[in-house]
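Q: Okay, here's what each chain looks like letter by letter:
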Amino acid sequence: MRQKEAGHGDTIVTRADSLPGYLRLQYFFLSAFYVSLSLFFYNEMLPAAAIYHFPWEVTSGAVQEGDSIRTFGRLSCYQPEESRATLSTQHASEEHHVVIHTSLVEPFNPIIGAQYLVLGEVENAEGVGVMVRARVLNCVDGVNIAQLQKAINEQRQFFRERDCKAGDAAQPTDTT
Amino acid sequence: MDPADEPPSILWGLDPTFSAFARLYVGDVLRMVESTQVPGIFFYNMHPIYKVDVFGTVVYKKEREDFFCYGVDDGTGVIKCLCWKNNLLKEDEGPNTWQKCSHGAQGSFRPVAELEKLRQNQKSRCCVEIGELLRVRGPVKTSRQQREIMASTYYKVNDPVMAVRIAWMMEVLELYNQCYRKHLQLQTVSIGDSAISSVCKATSIMKDFLKEEMVTKFRPYDVQDLLQPLISSHPQTATENQEQLKVLSSCQELRQLMKETLQVLQDEGMVYCKVKSKDEVYHVTVHDEELFIAIKDIIREDSKREKYAEKGCHILHILSAVRQRYSLNVTRTALELVLKLLECDSDIRISCLHQTLSSASSFLTPTTFMSSFTTSMNFHFGPPVRLLPGNSILSVVLRGIKRRVVRLKNIVYLNRISC
Numbered sequence: 001m002r003q004k005e006a007g008h009g010d011t012i013v014t015r016a017d018s019l020p021g022y023l024r025l026q027y028f029f030l031s032a033f034y035v036s037l038s039l040f041f042y043n044e045m046l047p048a049a050a051i052y053h054f055p056w057e058v059t060s061g062a063v064q065e066g067d068s069i070r071t072f073g074r075l076s077c078y079q080p081e082e083s084r085a086t087l088s089t090q091h092a093s094e095e096h097h098v099v100i101h102t103s104l105v106e107p108f109n110p111i112i113g114a115q116y117l118v119l120g121e122v123e124n125a126e127g128v129g130v131m132v133r134a135r136v137l138n139c140v141d142g143v144n145i146a147q148l149q150k151a152i153n154e155q156r157q158f159f160r161e162r163d164c165k166a167g168d169a170a171q172p173t174d175t176t
Numbered sequence: 001m002d003p004a005d006e007p008p009s010i011l012w013g014l015d016p017t018f019s020a021f022a023r024l025y026v027g028d029v030l031r032m033v034e035s036t037q038v039p040g041i042f043f044y045n046m047h048p049i050y051k052v053d054v055f056g057t058v059v060y061k062k063e064r065e066d067f068f069c070y071g072v073d074d075g076t077g078v079i080k081c082l083c084w085k086n087n088l089l090k091e092d093e094g095p096n097t098w099q100k101c102s103h104g105a106q107g108s109f110r111p112v113a114e115l116e117k118l119r120q121n122q123k124s125r126c127c128v129e130i131g132e133l134l135r136v137r138g139p140v141k142t143s144r145q146q147r148e149i150m151a152s153t154y155y156k157v158n159d160p161v162m163a164v165r166i167a168w169m170m171e172v173l174e175l176y177n178q179c180y181r182k183h184l185q186l187q188t189v190s191i192g193d194s195a196i197s198s199v200c201k202a203t204s205i206m207k208d209f210l211k212e213e214m215v216t217k218f219r220p221y222d223v224q225d226l227l228q229p230l231i232s233s234h235p236q237t238a239t240e241n242q243e244q245l246k247v248l249s250s251c252q253e254l255r256q257l258m259k260e261t262l263q264v265l266q267d268e269g270m271v272y273c274k275v276k277s278k279d280e281v282y283h284v285t286v287h288d289e290e291l292f293i294a295i296k297d298i299i300r301e302d303s304k305r306e307k308y309a310e311k312g313c314h315i316l317h318i319l320s321a322v323r324q325r326y327s328l329n330v331t332r333t334a335l336e337l338v339l340k341l342l343e344c345d346s347d348i349r350i351s352c353l354h355q356t357l358s359s360a361s362s363f364l365t366p367t368t369f370m371s372s373f374t375t376s377m378n379f380h381f382g383p384p385v386r387l388l389p390g391n392s393i394l395s396v397v398l399r400g401i402k403r404r405v406v407r408l409k410n411i412v413y414l415n416r417i418s419c
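If you read the sequences in order, they're chains A and B.
If you count by the working numbering, then the first sequence holds residues 1 to 176, one letter each, in order.
If you count by the working numbering, then the second sequence holds residues 1 to 419, one letter each, in order.
Please note: incorrect hints may appear among the correct ones.
As the list claims (entries may be wrong) - Below, in silico cross-link-like pairs of lysine-lysine (DSS-like), each with a Cα-Cα straight-line distance of 27 angstroms or less:
{"id": "1", "chain 1": "B", "residue 1": "Lys141", "chain 2": "B", "residue 2": "Lys211"}
{"id": "2", "chain 1": "B", "residue 1": "Lys156", "chain 2": "A", "residue 2": "Lys150"}
{"id": "3", "chain 1": "B", "residue 1": "Lys141", "chain 2": "B", "residue 2": "Lys117"}
{"id": "4", "chain 1": "B", "residue 1": "Lys182", "chain 2": "A", "residue 2": "Lys150"}
{"id": "5", "chain 1": "A", "residue 1": "Lys165", "chain 2": "B", "residue 2": "Lys61"}
{"id": "6", "chain 1": "B", "residue 1": "Lys141", "chain 2": "B", "residue 2": "Lys61"}
These aren't lab readings, by the way, just hints derived from the structure by calculation.
Given the structure is predicted, the values throughout are model-derived calculations rather than measurements.
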C-alpha cells in the first residue's frame, strides 16, 4: 500500500488498526500506562483502607477479591525468584497458610519463623487460590497475638453494635 | 444532620471534646458531618469537633519542597495528612562541609555538629516511608473536596512488637464508649432538681428586690409574696377534696422557702437580724447606715490607741467590738461586706498579709494601693472626719492632702494630729 504523501496542512493520523499486531499491543499498553499515570497524579487517589482480618478468614474465602486487608502470620517459606512468601498461623488446631505476593515490598530481610504483618489487596491467583499482593510487609516478631486478636474482636463488636443501632434508628423513619 | 439538630454554636465550648484533639477512627473523621453554622467544624454524634488525633500506617507519600503529604491508614479509613517541614529540614548540605573543616578541641561543644545531629534526628522523625507508623494531630480541613488533616504535630512511631498499635486500638475504643458515644448534657437546670434551684432562684429574686428598692429593713411576711410565683409554678394535680390540703401545703412550702432563702442570705452576710425577737426584723447590711457609722467609729477610736496605731485593727477585734456595742447578731461575712464597701469609698484602708493585719503607720495613703494585696499595708482610718459612704469628692480632696502628708516621716500617730 502506497503511503499518501503528507501535504502542507494535512494532519498525519496513525490509526491503531493500521499498525501491525505486535505494535498495536505495545501502543495499547503504553497509552494505558500514561493514562493511569496521569490519573494517579491528577486525582491523587488514596488506596482503600486495609481492614484487619484473621488468616483463617482469608483462606476460607470470607474476603472479596480486590479488598484491602491487613493480616498476620509466621513466615514459613519465602521464594524470592517467584516473589512469593507464605505466612502460617495455628488456629483451632489447624494450620492456615496465606500466600503473599511480595514484588512491591522487595527487597526485604526475610526472617523465617518471625511474625509478620501484611497489608495489601486480595487477588485470586491461578494455582494458588487466594493471594495477597503486599503493599506493606512489617516484621512484628514478639507481638502478643492473643491481645491483637482480642483488640480486633472488640473493635468488630463495637462497629457491629454501632451499625445495629444506626440501622434501628433508621428503620422507624423508614416505616413512618 | 439537620441544621435544626445541631446544638447552637454558643454552647460548643462547653463540650470538652471540642477543645481536645479527638481520637476518632479515620473512617469517622472522613464521614463526620460538617456544621451548617460554622464551616470547618464537624459533628460526630452531636459533639462539635475540629481537631483530631490519628495514628496509623503510612500508605501514601508525596513530598514537596515545603511539606509532606502522607496518607494514614488505621484500618477504618485512609486520610491525607499535610505535614509541614521544619526550617531545619529544608536546609541544604552546607553545615556538613563546615563540620569537616572545623578543628575544634576534643570534647568541646561544637554548635555546628550539634545542629547537624539535631537536623538528622528531626529528619528521622519527620521523614516517614510507606509502611511506617505515623502519629498526627491537627485540625481537619477540606481541600479539593477531600478531607485532610493539617498536621500541627506529627512524628514517626517505632512499634516493633505492635504494642503501641494494640494499645491505641483499645484506648480509642474506650474513648468512644466513655465520651464520644455519649451526648453532652447541656441543660444544667433539670426540672427534677426543683428543690435546689428554687432556693437559688428565690435568693436571686430577693437580692434584686433589696437592691432595687433600697430596702433597709423588712419583715419576712412583707417579702413573702415575691416568692409566690416559685411555689405556684409547681405542677398541681388537685382533686376537689384535696384542694384545701393543697392550699395549706403551698403556704407551708412558701414559708419553708422563705426560711431557707433568709438563711442563705444571712450566711452570705446580706441580711442580719439586729435584735433576735419574736418580731423578726431583718436589716439589709449594705443599706444599714447605723452599722456603717458604728464600724467606722470603732475603727477610728481603736486606731488612736497605741496598741492598734502601729499595726491596725484585726477583723476579729472589730467583730467583737461591733457585737458588744451594736448587735450580737452581726456575722463575720456581714462585717466583711461592710468593710469592703467602706474601703471602696476610700474611708478606710485594709491591709492583709496572710490574714493578719500588719501595719505601717502612714495613715493617709489612698486606697488605690489596695489593688495589690500582696504588699503589707495598714488597717487604718482616714482623717477623723465623719465620711458618709459614697462621698467621693471629699475622699479625692483628702487624697491630695494625704499624699503630701505621706512624704513626711512615716511614723505619725493619729492622735498626735489635731483635727
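Q: Compare the structure with each hint and give your call.
A: Hints versus structure:
1. Lys141/B with Lys211/B: Violated, at about 51 angstroms.
2. Lys156/B with Lys150/A: 25 angstroms, holds
3. Lys141/B with Lys117/B: Between Lys141/B and Lys117/B the Cα gap is close to 34 angstroms, so the pair fails against 27 angstroms, i.e. violated.
4. Lys182/B with Lys150/A: Holds: Lys182/B and Lys150/A sit about 24 angstroms apart, inside 27 angstroms.
5. Lys165/A with Lys61/B: 37 angstroms, violated
6. Lys141/B with Lys61/B: 18 angstroms, holds
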